[in-house]
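Asks: Spelled out from the first residue to the last, the chains are:
Protein chains: 2
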Amino acid sequence: MVVCAPMSARDFRVMLEARWSEGKFLCVGLDSDLAKIPESVRKEDTRQTLVAFNRAIIDATKDLVCAFKLNSAFYEAHGDEGLAALRETIGYISEIMPEVPVILDAKRGDIGNTNEQYAYATFKHLRADAVTVSPYLGGEPLEAFFKYADKGVIVLCHTSNEGAKEVQQLSVDGEPLYKVVARLAAEKWNKHGNCCLLVGATYPEALGEVRAIVGEMPILIAGIGAQDGDLHATIKQGISSKGRGLIVNAARSIIFASQDHNFAKAARGKAQELHDAITKALIQ
Amino acid sequence: MVVCAPMSARDFRVMLEARWSEGKFLCVGLDSDLAKIPESVRKEDTRQTLVAFNRAIIDATKDLVCAFKLNSAFYEAHGDEGLAALRETIGYISEIMPEVPVILDAKRGDIGNTNEQYAYATFKHLRADAVTVSPYLGGEPLEAFFKYADKGVIVLCHTSNEGAKEVQQLSVDGEPLYKVVARLAAEKWNKHGNCCLLVGATYPEALGEVRAIVGEMPILIAGIGAQDGDLHATIKQGISSKGRGLIVNAARSIIFASQDHNFAKAARGKAQELHDAITKALIQ
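Residue numbers (the working numbering), protein chains in the order written: chain S, 197 to 480; chain W, 197 to 480.
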């Protein structure tokens, strides 16, 4: 007799740990910019084009990843059709790879009663397993997300963009703001054990400092590939003492690896290359 | 001959200045929580219910306001139907009150290429006149919003929630973070003249400090009403030297003023009360 696990069995941290135990740390970012989708996969309408492209990328890379990440902005830009494509893509991943968690990269953050609505939209309506959020309003309103204990709540700590320094490296009593945020996350906000952080691969030193503060907490690494993050340094600085804790996201460099009809094969090639490079960095 | 202004004539700052010159500073926040919408206005489906409620509130208050603000979360929670209601509501305001700007309160903020998509979604797809954004990633990625020079870009400075202090009042070389953000906004980020700030009415002293830094920059005031901000102190601290610069938002206290069939009349009563209190504070 086959016993199907109920929906509530999808626990983000448990799913991640299982993928990590298989040596998978790569996360494919479905930042599916409509303008960059190859001609060969285009359909009649925007929804179908986005879904067809995403399915092809998912099919080509799904055995190599610890998670998929969908960046909400690239779907919101297309209104109803984009939202439908976002929902269908999450549904597709849950169906064909129920063991792979889905992160909604939405960088949400408002006061408590508003975050209740964002959390509902993310976890109940879209059925994502994790969401990225902003720390700027403090930990109190984020409780609306954290209280979904089986979901991951990934707090922005040090983002990958060049201009991130302007605010995130401001000196708070001699310590950069991103380290203060990391400490708040680790010591105060993680009551339900589901807090994670986002750190850009473009700042490997910051990543090492954050890891020293947060112990085994999962860290989503942004900016590998298109943003020229140094993969080797990133893995060395970011891996936890148990050899886990990393979700290494690459988006444009994988999904838009080629514009020809073999785009999915090219995406797999790039994903395999990154997977191998991560594995190599881990054993060196 | 009547000459209709083209769509591009909708300049957020110009529209605001015109409303301020009529003595209107109130902004009605359409945080239209489905669970709280009165029975008498409910329709067959969620979209229709949200739109019918919003139209009733808009019709009842439109001559008293300098802007309407829609909080994206309360629509996102309902997927396609919510998104359709959001778009229809913005369309309705633009149609019946083309002189009143619409703020999308979405608190977006990501890296540059992602913000390009959010800006498109906000200004082109939804046709909002302004949007709220987070400063955590610095000013550089916000340029994707700022470059729409006729749109308002409202940067979170000091939010209204109790827990806001935890990050926003951290001491950066002896100065609280929110003041550093205000200075960055005024001195560095406002190249296109369309930068605005958000400050919570629950922190009137912070508001005074911010006003001293930013001159005539428009400030969206959150937290009047349900969050018990002190209106008189807020107006005194927040008004600019030219007697302008404030967008005083109230949401729950107006739109859910009553649950009976006279809910729109009750909303108008509450809006009038706030409008009068603002006027009184201004002349005292």
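Careful: at least some of the hints might be erroneous.
One copy or two, either will do: identical chains are not told apart, so a pair holds if it fits within one copy or between any two.
[Stated by the list, open to error] Calculated pairs, DMTMM-like style, for lysine to aspartate or glutamate (alpha carbon to alpha carbon, straight line, at most 20 Å):
#, residue 1, residue 2
1, K461, D276
2, K375, D276
3, K232, E295
4, K232, E312
5, K239, E362
6, K239, E405
7, K375, E362
8, K432, E469
9, K343, E358
10, K476, E218
11, K432, E295
12, K320, D276
13, K375, E412
14, K384, E339
15, K461, E401
16, K343, E291
17, K361, D472
18, K384, E362
19, K361, E284
20, K320, D241
21, K343, D241
22, K476, E277
23, K320, D426
24, K361, E339
25, K361, E371
26, K361, E291
27, K320, D229
28, K387, E358
29, K384, E358
Hints were generated in silico from the structure; no laboratory data involved.
Asks: All hints are to be evaluated individually against the structure, with a verdict given for each.
Replies: Now for the hints, and whether the structure bears them out:
{"no.": "1", "hint": "K461 - D276", "result": "neither (30 Å within a copy, 33 Å between copies)"}
{"no.": "2", "hint": "K375 - D276", "result": "neither (39 Å within a copy, 39 Å between copies)"}
{"no.": "3", "hint": "K232 - E295", "result": "neither (29 Å within a copy, 38 Å between copies)"}
{"no.": "4", "hint": "K232 - E312", "result": "between (34 Å within a copy, 14 Å between copies)"}
{"no.": "5", "hint": "K239 - E362", "result": "neither (42 Å within a copy, 48 Å between copies)"}
{"no.": "6", "hint": "K239 - E405", "result": "neither (46 Å within a copy, 54 Å between copies)"}
{"no.": "7", "hint": "K375 - E362", "result": "both (14 Å within a copy, 14 Å between copies)"}
{"no.": "8", "hint": "K432 - E469", "result": "within (18 Å within a copy, 61 Å between copies)"}
{"no.": "9", "hint": "K343 - E358", "result": "between (33 Å within a copy, 18 Å between copies)"}
{"no.": "10", "hint": "K476 - E218", "result": "within (15 Å within a copy, 67 Å between copies)"}
{"no.": "11", "hint": "K432 - E295", "result": "neither (27 Å within a copy, 57 Å between copies)"}
{"no.": "12", "hint": "K320 - D276", "result": "both (18 Å within a copy, 14 Å between copies)"}
{"no.": "13", "hint": "K375 - E412", "result": "within (16 Å within a copy, 34 Å between copies)"}
{"no.": "14", "hint": "K384 - E339", "result": "within (11 Å within a copy, 33 Å between copies)"}
{"no.": "15", "hint": "K461 - E401", "result": "neither (34 Å within a copy, 59 Å between copies)"}
{"no.": "16", "hint": "K343 - E291", "result": "neither (26 Å within a copy, 41 Å between copies)"}
{"no.": "17", "hint": "K361 - D472", "result": "neither (31 Å within a copy, 44 Å between copies)"}
{"no.": "18", "hint": "K384 - E362", "result": "between (25 Å within a copy, 11 Å between copies)"}
{"no.": "19", "hint": "K361 - E284", "result": "neither (36 Å within a copy, 39 Å between copies)"}
{"no.": "20", "hint": "K320 - D241", "result": "between (26 Å within a copy, 19 Å between copies)"}
{"no.": "21", "hint": "K343 - D241", "result": "neither (38 Å within a copy, 29 Å between copies)"}
{"no.": "22", "hint": "K476 - E277", "result": "neither (41 Å within a copy, 48 Å between copies)"}
{"no.": "23", "hint": "K320 - D426", "result": "neither (36 Å within a copy, 36 Å between copies)"}
{"no.": "24", "hint": "K361 - E339", "result": "between (27 Å within a copy, 16 Å between copies)"}
{"no.": "25", "hint": "K361 - E371", "result": "both (13 Å within a copy, 18 Å between copies)"}
{"no.": "26", "hint": "K361 - E291", "result": "neither (40 Å within a copy, 43 Å between copies)"}
{"no.": "27", "hint": "K320 - D229", "result": "between (25 Å within a copy, 16 Å between copies)"}
{"no.": "28", "hint": "K387 - E358", "result": "between (32 Å within a copy, 19 Å between copies)"}
{"no.": "29", "hint": "K384 - E358", "result": "between (29 Å within a copy, 16 Å between copies)"}
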